[in-house]
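Participant: Given next are the chains, with one letter for each unit.
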Amino acid sequence: MGGMSLREKAVLAAIAMVALYALAAAYWFMGCRETWADASKRLTKMKSRYEMERKMISERADWDERYVEEASQIPVVEARQGSDTVWMGAVDKIAEKNYITVSDRKPGKEEMSGDMQQTTVELKWTGAVESLVKFMHELENTEEGKFDVQELSFKPGRAKGFMSGDMKITCIFKRK
Amino acid sequence: MAEEVHIAVFEGGELTVPAGVGKGREVAFAVPLNRLLIKMVRVPADRRDDMADYAMPILKAMSPYPDEPLTVSCEVVREVEDGVVVVAAALPEGSSDDLATALDDAHLNVMRVDALALGELRSAWPKLALDGDTARKMVLFGGKDCISLFVLDGDCPVAIRALSSGCNMRREVMLSLLDAEEFGGASALSEIVVVGDVPAEGLDAFAPVRTVGREGIDPVAGIAERTMEATSLNALPDSWREVLDETRFKRKMKTWLGTAGGVWLLVMAVLFGVPKVYDYMTHRQETMCKAHKASYNKVREKKDQVEAVRLVSNHDLGALETLRVVTSVLPENVTLKRWNFKRGDKLTFSGVAEDGDQQKIYSFKDGLSGVMLSQVSEREEDGDTPFFTDVVLPSGVRSKGATATFDVDCDFKAKEVE
Chain B
1 MGGMSLREKA VLAAIAMVAL YALAAAYWFM GCRETWADAS KRLTKMKSRY
51 EMERKMISER ADWDERYVEE ASQIPVVEAR QGSDTVWMGA VDKIAEKNYI
101 TVSDRKPGKE EMSGDMQQTT VELKWTGAVE SLVKFMHELE NTEEGKFDVQ
151 ELSFKPGRAK GFMSGDMKIT CIFKRK
Chain P
1 MAEEVHIAVF EGGELTVPAG VGKGREVAFA VPLNRLLIKM VRVPADRRDD
51 MADYAMPILK AMSPYPDEPL TVSCEVVREV EDGVVVVAAA LPEGSSDDLA
101 TALDDAHLNV MRVDALALGE LRSAWPKLAL DGDTARKMVL FGGKDCISLF
151 VLDGDCPVAI RALSSGCNMR REVMLSLLDA EEFGGASALS EIVVVGDVPA
201 EGLDAFAPVR TVGREGIDPV AGIAERTMEA TSLNALPDSW REVLDETRFK
251 RKMKTWLGTA GGVWLLVMAV LFGVPKVYDY MTHRQETMCK AHKASYNKVR
301 EKKDQVEAVR LVSNHDLGAL ETLRVVTSVL PENVTLKRWN FKRGDKLTFS
351 GVAEDGDQQK IYSFKDGLSG VMLSQVSERE EDGDTPFFTD VVLPSGVRSK
401 GATATFDVDC DFKAKEVE
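As they're listed, the protein sequences go chains B and P.
By the count of the numbering used here, the first sequence reaches residue 176 at its end, each step adding exactly one.
By the count of the numbering used here, the second sequence reaches residue 418 at its end, each step adding exactly one.
These aren't lab readings, by the way, just hints derived from the structure by calculation.
Any given hint could turn out to be false.
Heads up, simulated PhoX-like pairs for lysine-lysine below, C-alpha to C-alpha not over 25 Å straight-line [claimed, not checked]:
(1) B:Lys106 <-> P:Lys303
(2) B:Lys168 <-> P:Lys346
(3) B:Lys155 <-> P:Lys346
(4) P:Lys346 <-> B:Lys176
(5) B:Lys109 <-> P:Lys346
(6) P:Lys23 <-> B:Lys45
(7) P:Lys23 <-> B:Lys9
Could you put together the complete structure from these sequences and hints?
Facilitator: Next comes the structure, spelled out in structure tokens:
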């Protein structure tokens with residue numbers, strides 16, 4: 001360096017500076033851009049989450065109101081009463097009324113969500129398609145419980161015009 | 001706005017720098033008259049463009065270092081018929097080592113060199129009251145290094161000399177008058193004006209002597225005024241100018257490198273810093289989320305309960321409605337054989353076209369794809385939502401004797417709405 005003229009030093013400095021800028025540009029194109037994008041995406045996601053949560057918190061009164069409204073329609077069973085006997089009995093009753101033969105039934109586990117309970121009834125059935133439709137219609141509209149058919153499978157049965165298959169019914173209720 | 005001029009003065013063997021002038025600053029440098037080779041020169045009109053070259057041999061003849069290259073500067077003081085009258089001056093480097101050392105020690109960069117006496121004359125001019133008088137006069141300025149002597153015809157100098165303090169004044173005045181006569185022609189000396197500490201005894205033999213006080217005379221201010229004039233004398237030696245140019249170049253280079261380096265650092269700081277800022281902001285959002293987590297969880301639980309009830313209560317996408325939808329688009333002579341429904345997930349079924357019409361099965365598939373959720377829910381907001389998100393014939397249509405069999409997979413995923 002000692003033997004270099006001032007002009008040569010200036011040229012060297014300019015080259016070094018260009019190299020530094022090239023390094024910065026290379027860094028930008030070789031990973032920095034993705035890092036920025038990822039960091040920005042994380043922030044956007046977190047902001048959205050925060051806004052969503054804030055919005056939901058601000059709607060608390062609304063959800064409380066809706067809950068009261070929905071809960072009023074939920075059937076109530078005695079505290080010590082077995083839900084299987086209640087709901088399987090109700091399902092059997094509706095099936096029998098609509099000419100659906102239930103050959104096997106299995107109660108599911110009770111799951112709690114707040115002060116609401118949810119359980120399932122799995123059953124094997126046989127009947128005409130028309131009976132099945134009527135059975136499901138009554139099941140969905142009965143006031144004796146809140147039922148929904150979660151799973152339904154059938155195939156032609158042994159007797160002509162009859163179908164047989166499985167069904168899984170969800171029941172929702174509250175306990176006293 | 002004019003740039004501020006800083007004047008450094010070398011007088012009495014000491015360099016005086018105005019307060020606040022830091023290292024590396026460019027200054028105008030005023031030196032005593034005895035440090036310069038200075039001479040009044042009459043330049044012919046045809047040499048006006050190279051006055052310095054014309055004056056060079058004249059000053060070289062005066063130089064104690066005749067082999068040393070001189071940088072001559074000329075200041076035009078009067079236009080005459082056959083050319084111009086100039087003050088030619090040069091700073092002989094051979095006798096300026098102490099000046100250069102003092103400037104180096106003070107880390108100053110000299111951009112011009114002037115005679116302190118010329119600044120003194122400029123500053124003292126109003127006080128000398130010489131305007132309007134064309135008679136020959138002599139002005140003597142006492143100084144720490146020498147006595148500066150000017151012989152003036154009106155406002156134009158005809159002789160400039162530096163006299164040593166212990167010299168024979170009468171003899172030097174006589175020689176100066178002879179110089180003036182040789183240069184400007186014969187003219188009677190009308191007055192001698194003495195400024196400052198000058199032994200003026202016996203000078204009244206040449207002309208009346210008038211003494212003027214130093215009050216109000218500021219040589220530095222005079223030099224500053226002269227520095228602002230582009231045509232004024234600049235006896236800066238070439239070697240000093242090279243140093244100045246180099247210093248200026250270095251300064252520019254440093255500025256450029258500093259700026260480019262600073263911008264580069266800024267760019268790198270942005271490249272590395274922005275993700276950090278994003279991370280910081282993300283962390284802040286996380287902290288804010290944590291702060292309201294308890295409240296949020298309570299509402300979330302309530303919402304889940306409401307949705308659980310609604311899911312059971314809302315049969316729009318239920319088993320019965322699905323069966324109804326499929327049978328509503330089922331073509332004639334097509335029978336469903338197997339049915340497998342899972343709410344919110346999938347419906348798979350198989351069937352047979354008794355008449356073997358495959359086109360009918362494809363139309364059936366298209367019919368299933370075209371069913372809209374709004375046809376079931378009767379809600380306006382479900383208008384563009386299909387009942388099934390996807391309908392496929394995974395095995396195509398298979399001919400079996402006079403019949404055609406098929407399987408259908410229908411997807412519900414992501415379509416289960418509140």
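Participant: The structure should be examined with respect to each hint, and the outcome stated for every one.
Facilitator: Consistency of the hints with the structure:
Only pairs whose Cα atoms come within 25 Å are accepted, and Lys106 of chain B paired with Lys303 of chain P is rejected, the gap being roughly 30 Å. Pair hint Lys168 of chain B plus Lys346 of chain P holds up; C-alpha atoms about 15 Å apart against a cutoff of 25 Å. About 17 Å separates the Cα atoms of Lys155 of chain B and Lys346 of chain P, which keeps this hinted pair within 25 Å; it holds. This hinted pair does not check out: Lys346 of chain P and Lys176 of chain B have alpha carbons roughly 36 Å apart, beyond 25 Å.
Between the alpha carbons of Lys109 of chain B and Lys346 of chain P the distance comes to roughly 23 Å, so the proposed pair stays at or under 25 Å and holds. Using a Cα cut-off of 25 Å, the hinted pair Lys23 of chain P and Lys45 of chain B is violated, with the two alpha carbons roughly 56 Å apart. A threshold of 25 Å between alpha carbons decides the hint, and for Lys23 of chain P with Lys9 of chain B the separation of about 23 Å falls inside it, so the pair holds.
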